[in-house]
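Number of protein chains: 2
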Amino acid sequence: MYLEDAKNIESKAVNAPGAVNAFKQVLVGPLQGWDGWVMRQFTLGKSGCTPRHSHSWPHINFVVKGTGTLLLQGEEREIGPECAAYIPGGAVHQFKNTGESELSFICIVPEEGEF
Amino acid sequence: MYLEDAKNIESKAVNAPGAVNAFKQVLVGPLQGWDGWVMRQFTLGKSGCTPRHSHSWPHINFVVKGTGTLLLQGEEREIGPECAAYIPGGAVHQFKNTGESELSFICIVPEEGEF
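Residue numbers (this note's numbering), protein chains in the order written: chain S, 1 to 115; chain G, 1 to 115.
Derived from the structure by calculation, the hints contain no laboratory data.
Be careful, since some hints might not be right.
A pair counts as met if it fits within one copy or between any two copies, since identical chains are not told apart.
[Said to hold, decoys possible] With a straight-line cut-off of 25 angstroms between C-alpha atoms, the simulated DSS-like cross-links for lysine-lysine are:
| hint | residue 1 | residue 2 |
| --- | --- | --- |
| 1 | K65 | K24 |
| 2 | K7 | K96 |
| 3 | K12 | K65 |
| 4 | K65 | K7 |
| 5 | K65 | K46 |
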């Protein structure tokens, strides 16, 4: 049983190569009871982005606020609040904040994607 | 690979006993590529609630907008945007909208909880 406001959860800068003005919070994972998966929240400041990359694990996304683009299959598609996505393992992808305010989104990965 | 705005996803009234002014959308699940799990979005209209109930599967929640309460361990705890929760199988729980606007939240369950 776990309930926490993300505003009270530590936000860490994403240091991966290619990440710009990007921050991550771990919301719910094995430590909170969810075996095998981790729900994180990413926040991109103005002009921020996640790396353009791929990895073996899939992820599941949901845009909380802000506007931007999601690179999928070589195409930058516009995203905004309540957009949901499934990105399979091996697919090149990148989130960019193209708006004036923060872009934040949920990103759920199998444990191997987080630890 | 899947990307969709939840505004374009069908919203169905929740007909379970005890549900009031409650609607559900299926955002990402096995049909979109996520084997074993389903991410849904629930929306509670004014004075709406989900059933006060328990079930064998856990769920993982994230509040998107609005304000309300989440019954956990017999206590109604206040929730608002960006609250994250893990509710283990067997725990009695209930979401209530106590605000003037809609309360919406993500609810992730294993497939057995949806199908």
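Now the hints, each set against the structure:
1. K65 x K24: both (15 angstroms within a copy, 20 angstroms between copies)
2. K7 x K96: Classified as both; 22 angstroms inside a copy, 21 angstroms across copies.
3. K12 x K65: Close inside one copy (19 angstroms) and across copies (24 angstroms); limit 25 angstroms.
4. K65 x K7: Close inside one copy (14 angstroms) and across copies (14 angstroms); limit 25 angstroms.
5. K65 x K46: Both. Shortest intra-copy (13 angstroms) and inter-copy (22 angstroms) distances satisfy the 25 angstroms Cα cut-off.
Violated hints: none; the structure is consistent with every hint.
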